[in-house]
Amino acid sequence: MSDMKNNLIFELTNVWVEFEKHAIQRRSLRETIGAKLKSAKTEKIHALKNINLKISSGEHIGIIGRNGAGKSTLLKVLCKVIIPTSGSIHQINNYHIAPLLELGIGFQPDLSGRENCYLAGYLIGYTKREIENKLESIIQFSELGDFIDEPVKNYSSGMFARLAFAIATDIEPEVLMIDEVFGVGDEFFMRKCNSRMQKLMEKGTTTIFVSHNLDFLITQSNRLIWVDNGEIILDGNPFEVAEAYRNSENNLKLVVTG
Amino acid sequence: MFTIQNIDTPSFRFAWHLAKSQLKTKYRYTALGYAWNFLEPALFLVILSLVFSVINRMNISDYAVFLFSALIPWRYFEKTVNLVMESIVGGEWLIKKMYVSPYAFAFNRWVTASFEFLFSITVAFALFIFLKEEWTIHLIILPLSIIPWAMLGLGFGLCCSVLYTFFRDVKPFVQMLLTLAFFTSPILFNSNIFEPGSLQAQIMEFHPVTYLASLFQKPIYEAAWPAASDWIISFGFALIFLMLGIHLVNKYKSKFYFYV
Numbered sequence: 001m002s003d004m005k006n007n008l009i010f011e012l013t014n015v016w017v018e019f020e021k022h023a024i025q026r027r028s029l030r031e032t033i034g035a036k037l038k039s040a041k042t043e044k045i046h047a048l049k050n051i052n053l054k055i056s057s058g059e060h061i062g063i064i065g066r067n068g069a070g071k072s073t074l075l076k077v078l079c080k081v082i083i084p085t086s087g088s089i090h091q092i093n094n095y096h097i098a099p100l101l102e103l104g105i106g107f108q109p110d111l112s113g114r115e116n117c118y119l120a121g122y123l124i125g126y127t128k129r130e131i132e133n134k135l136e137s138i139i140q141f142s143e144l145g146d147f148i149d150e151p152v153k154n155y156s157s158g159m160f161a162r163l164a165f166a167i168a169t170d171i172e173p174e175v176l177m178i179d180e181v182f183g184v185g186d187e188f189f190m191r192k193c194n195s196r197m198q199k200l201m202e203k204g205t206t207t208i209f210v211s212h213n214l215d216f217l218i219t220q221s222n223r224l225i226w227v228d229n230g231e232i233i234l235d236g237n238p239f240e241v242a243e244a245y246r247n248s249e250n251n252l253k254l255v256v257t258g
Numbered sequence: 259m260f261t262i263q264n265i266d267t268p269s270f271r272f273a274w275h276l277a278k279s280q281l282k283t284k285y286r287y288t289a290l291g292y293a294w295n296f297l298e299p300a301l302f303l304v305i306l307s308l309v310f311s312v313i314n315r316m317n318i319s320d321y322a323v324f325l326f327s328a329l330i331p332w333r334y335f336e337k338t339v340n341l342v343m344e345s346i347v348g349g350e351w352l353i354k355k356m357y358v359s360p361y362a363f364a365f366n367r368w369v370t371a372s373f374e375f376l377f378s379i380t381v382a383f384a385l386f387i388f389l390k391e392e393w394t395i396h397l398i399i400l401p402l403s404i405i406p407w408a409m410l411g412l413g414f415g416l417c418c419s420v421l422y423t424f425f426r427d428v429k430p431f432v433q434m435l436l437t438l439a440f441f442t443s444p445i446l447f448n449s450n451i452f453e454p455g456s457l458q459a460q461i462m463e464f465h466p467v468t469y470l471a472s473l474f475q476k477p478i479y480e481a482a483w484p485a486a487s488d489w490i491i492s493f494g495f496a497l498i499f500l501m502l503g504i505h506l507v508n509k510y511k512s513k514f515y516f517y518v
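In the order they appear, the protein sequences are chains A and B.
To convert, note that position 184 of the first sequence is 184 in this note's numbering; the numbers rise steadily by one, no gaps.
In this note's numbering, each residue's number is its place in the second sequence (first place is 1) plus 258.
Treat the hints as calculated values from the structure; they're not laboratory data.
Here are the simulated lysine-lysine pairs, PhoX-like style, with alpha carbons at most 20 Å apart:
1) B/LYS513 with A/LYS36
2) B/LYS354 with A/LYS21
3) A/LYS21 with A/LYS38
Please read these numbers as outputs of a predicted model, since none were measured by experiment.
Please build the complete structure, drawing on both the sequences and the hints.
Here you go:
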């Protein structure tokens with residue numbers, strides 16, 4: 001994996017993500033025709049504005065920002081969940097990207113843990129054989145034992161979290177993207193997750209974390225990106241960016257209380 | 259007009275395996291379980307043929323063969339359209355969380371409908387053993403006959419799925435349209451019961467389903483090969499909708515995330 005280092009894996013150029021405000025409401029045929037006849041201007045919301053970003057393999061990137069700043073949107077653009085309205089994204093295609101935007105994406109409640117392993121594996125892009133090779137270690141990491149053959153809807157939230165994390169990380173993706181999923185799970189689980197993430201990071205997996213936990217991001221990343229109002233405000237050394245971000249938070253507190 | 263992009267194998271692999279899993283869980287908590295896959299079409303066909311043979315005043319086994327021949331592909335087409343129409347909106351749980359090809363859910367639903375079709379056609383042929391007196395070589399063309407039906411279902415379904423994402427009103431319209439198409443076509447009623455030149459006969463002549471239905475009715479009921487015009491019109495119609503469906507998905511796929 002060492003020859004992967006410093007290869008450009010994502011390049012975003014002038015990326016904009018915008019959508020029409022009425023998309024959030026349900027629009028009926030009558031309303032749409034009415035709006036068109038009146039030539040009403042649809043209000044646009046800019047989730048991301050003019051994003052220029054380069055991500056190389058082996059980097060450990062943290063993304064911070066206030067709620068609604070566009071952090072998750074940026075992550076979703078990288079995962080190809082959201083297609084930008086304009087701008088371009090270049091991405092190496094043969095990498096397995098494991099997005100943990102939510103634990104247990106793609107899980108079918110009526111199917112067993114084992115069956116869900118297969119489905120989630122297919123979703124990430126693995127073949128049946130690749131998944132079968134990993135199945136034992138996934139079951140071991142998740143500590144589910146015989147429960148692996150029970151329908152997932154009977155799992156506790158902790159079991160669910162363990163299985164989901166096991167699937168996403170055991171398969172050793174080249175890129176791991178995590179969006180604040182560590183609310184769930186007990187301390188043992190957190191420690192297990194952390195140690196596995198450390199191993200992946202040492203092996204050269206590129207990681208991209210979105211979190212509100214600045215201390216976590218400072219220790220885990222070698223590059224921090226501050227996103228606010230859909231734009232990248234700062235991008236660089238974690239300490240410097242964190243400092244600037246904290247200062248801006250303090251300024252805001254002064255404004256609010258002052 | 260549209261480009262055929264690199265086929266996204268993982269998405270389709272996922273969609274296929276998901277369809278297989280859904281088939282497994284479909285009747286999981288019922289007493290009869292997997293048998294329902296055969297029982298459901300069997301009951302439907304038997305009831306329908308009993309009721310309509312009385313109305314049509316045809317001999318029951320003769321009418322049953324006539325009815326089943328085009329009814330089975332029609333049910334497949336109708337099911338495909340209804341399932342695929344809601345595929346994008348129904349895929350919200352994944353579309354908003356992880357990348358998947360915009361065609362994956364349509365493909366998944368189309369596979370589900372295709373499984374049901376395979377069960378139905380098996381049941382129909384099992385019933386034919388009792389109902390049909392002679393079996394001719396014409397039946398060999400049937401695997402080809404189903405192709406335009408499948409393409410049309412998928413294509414029309416894709417068009418509806420894009421429209422449905424933006425206008426939920428589309429669903430009742432489409433269902434009414436399908437009902438209208440069904441009752442004005444020669445699936446239930448043999449077109450020869452109408453006077454040539456009458457309004458009903460004319461509707462049937464210009465009705466696309468007439469030609470699609472012939473692909474099944476001629477080999478099964480009339481022991482004849484479908485005409486060239488049947489093939490040309492059926493495939494032509496199907497291809498138009500398939501291309502239109504693909505074009506619409508390509509054009510609007512970037513908006514699906516915000517409208518599902």
